[in-house]
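Asker: My request is simple: use the sequences and hints to build the entire structure.
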Amino acid sequence: MPPGPSPAPPAIRIDCGPVVLGGREVLAPLRLDLAERRIGIVGRNGSGKTTFLRLLAGLIAPRSGGVSIGGQDPFRDRRAALAQIGILFQNPDHQILFPTVAEELAFGLAQQGLRQKDAMARARATLAAEGRAHWAEAPVSTLSGGQKQYLCLLSLLLMAPSTLLLDEPFSGLDLPTTHRLRRRLAALDQRLILIGHDPPGLEQTDRVIWLEEGRIAADGPPEVVLPEFTREMGRIGEADADTDLAG
Amino acid sequence: MLTLTSPVDTPWHHLPAGAKLAALAGFTLVLFALKSPWALGAALGLVLALHLPGGRRFGLHALKMLRPLWFFVVVVSAWHLWTGEPRTGAVIVLRMIAAVAAANLVTMTTRLSDMLSVIERLMRPLAPLIPPRRLALAFALVIRFIPALGESLARIRDAWAARSPRRAGWRVLVPGVLAALDDADRAAEALRARGGTDGEPPRG
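The listed protein sequences correspond, in order, to chains P and Z. Take 1 as the starting number for the first sequence in the numbering used here and just add one per residue. Take 1001 as the starting number for the second sequence in the numbering used here and just add one per residue.
It is possible that part of the hints are untrue.
Stated by the list, open to error - Just the calculated beta-carbon pair ranges, DEER-fashion:
| hint | chain 1 | residue 1 | chain 2 | residue 2 | range |
| --- | --- | --- | --- | --- | --- |
| 1 | Z | L1048 | P | D77 | 50 to 58 Å |
| 2 | P | R132 | Z | L1060 | 26 to 34 Å |
| 3 | Z | R1171 | P | R132 | 39 to 47 Å |
| 4 | P | K117 | Z | A1184 | 24 to 32 Å |
| 5 | P | E232 | Z | L1126 | 54 to 62 Å |
| 6 | P | P18 | Z | A1019 | 40 to 48 Å |
| 7 | Z | P1165 | P | A187 | 37 to 45 Å |
| 8 | P | R79 | Z | L1149 | 46 to 54 Å |
| 9 | Z | S1077 | P | S171 | 49 to 57 Å |
| 10 | Z | P1053 | P | R76 | 48 to 56 Å |
| 11 | Z | R1166 | P | G70 | 40 to 48 Å |
Claimed, not checked - A few chain P residues that don't get close to chain Z, going by computed Cβ distances all over 10 Å:
| hint | residue |
| --- | --- |
| 12 | A28 |
| 13 | S47 |
| 14 | R54 |
| 15 | G66 |
| 16 | D73 |
| 17 | G108 |
| 18 | Q112 |
| 19 | G131 |
| 20 | S144 |
| 21 | G146 |
| 22 | S162 |
| 23 | R180 |
| 24 | R215 |
| 25 | E232 |
As the list claims (entries may be wrong) - Here's a subset of chain P near chain Z, in silico, CB distances under 10 Å, partners left out:
| hint | residue |
| --- | --- |
| 26 | A106 |
| 27 | A138 |
| 28 | L154 |
| 29 | S155 |
Source of the hints: derived by calculation from the structure; they are not laboratory data. A virtual CB, placed ideally from N, CA and C, is assigned to each residue, including glycine.
Answerer: Structure below.
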């Protein structure tokens, strides 16, 4: 990594019609500029958070309009998208495509144009630098959940996209692993856009977007959006859980 | 997970995959040229000796990989004993075991990605018809997802057993197929997230 502050990653511009999946409108039309380095996404289950990330990653297309990162549409131009955007799926098992750790790491590099031999060498060097040289030939199935998550993150970092999209990166991880991963992410130069369930985890961000039924319910600094979100979630929970009879 | 490549490190792991595959092809041709059970027995002995550097665990794993052959061994032996041609039977059985054991040895000592690069190289003349990278990728995906399918069937069976006193049996098939289709969708998305089936052509 080059010393000193690196130039800000190119902003992401979203100007699109609705996203319809299986005949259901999952996201309403959106107009949004994402330029901050740390952005959190909150919302209830089914509010469209994951769909929003997939839209940014260029994995799905809206009905009209689109997403632009540094002037390129990640849905149409997959090659340009690889340098700009990487996505960490919520479940690492859905991300891992290869039978061994080194092969999984090398794949992304080969996709970016490195020769297989060089890609494997880079993968091994990275593992060694991480103190995990012995992982190289390990079958991915022998890794624990946290280790798989780590492998997926590492293979993203190797591809060095300017923006990382993280879908609840800490779900299912134990506390030490969560702390380690948090430290690791905090040190990154890239833009991070992460979905989080728990508001405290997003206090260090520059901006929080709250999605509700596929629409933006609030968008602003964390100290404004998070307390509001927490209050509203508490209220909904109360209403659901309230079984007391008036009397 | 179906671990085709053995984690036990043997000297054979460090040989180039192309050389091993060529040697395997040559060895198999010789097997078919040999007509005497003694010569074939010696060839089988050679294959077994090549397993020795791997040690006990490696050897046991290799034996396990030969298990699918037992049925053919029994049928072929029984038939030739019945027809009074034990010599022909021995030739067929020895040749079959030696050929499969040698192929397994190559599989167990060659990383999948190395195997795939060889396939990619060999298929290059067919590139206009089948892009070699796609073919290689297809192989890798099959090897990654066959065990994943097994695991997802086992999970469905567990979910069934947790709530039913009876065995699940064939009933896991429909949810199993649906889970496989889901897996396929997710793998396609993961692939797209990292540049799709073709990616960029290698540089340099």
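Asker: Hint by hint, say whether it matches the structure.
Answerer: How the hints compare with the structure:
no., hint, verdict
1, Z:L1048 / P:D77: 50 to 58 Å, "holds, 55 Å"
2, P:R132 / Z:L1060: 26 to 34 Å, "holds, 28 Å"
3, Z:R1171 / P:R132: 39 to 47 Å, "holds, 42 Å"
4, P:K117 / Z:A1184: 24 to 32 Å, "holds, 30 Å"
5, P:E232 / Z:L1126: 54 to 62 Å, "holds, 60 Å"
6, P:P18 / Z:A1019: 40 to 48 Å, "violated, 57 Å"
7, Z:P1165 / P:A187: 37 to 45 Å, "violated, 53 Å"
8, P:R79 / Z:L1149: 46 to 54 Å, "violated, 31 Å"
9, Z:S1077 / P:S171: 49 to 57 Å, "holds, 56 Å"
10, Z:P1053 / P:R76: 48 to 56 Å, "holds, 53 Å"
11, Z:R1166 / P:G70: 40 to 48 Å, "violated, 58 Å"
12, A28, "holds, 22 Å"
13, S47, "holds, 20 Å"
14, R54, "violated, 8 Å"
15, G66, "holds, 16 Å"
16, D73, "holds, 14 Å"
17, G108, "violated, 5 Å"
18, Q112, "violated, 6 Å"
19, G131, "holds, 20 Å"
20, S144, "holds, 14 Å"
21, G146, "holds, 18 Å"
22, S162, "holds, 15 Å"
23, R180, "holds, 24 Å"
24, R215, "holds, 24 Å"
25, E232, "holds, 31 Å"
26, A106, "holds, 7 Å"
27, A138, "holds, 8 Å"
28, L154, "violated, 13 Å"
29, S155, "holds, 8 Å"
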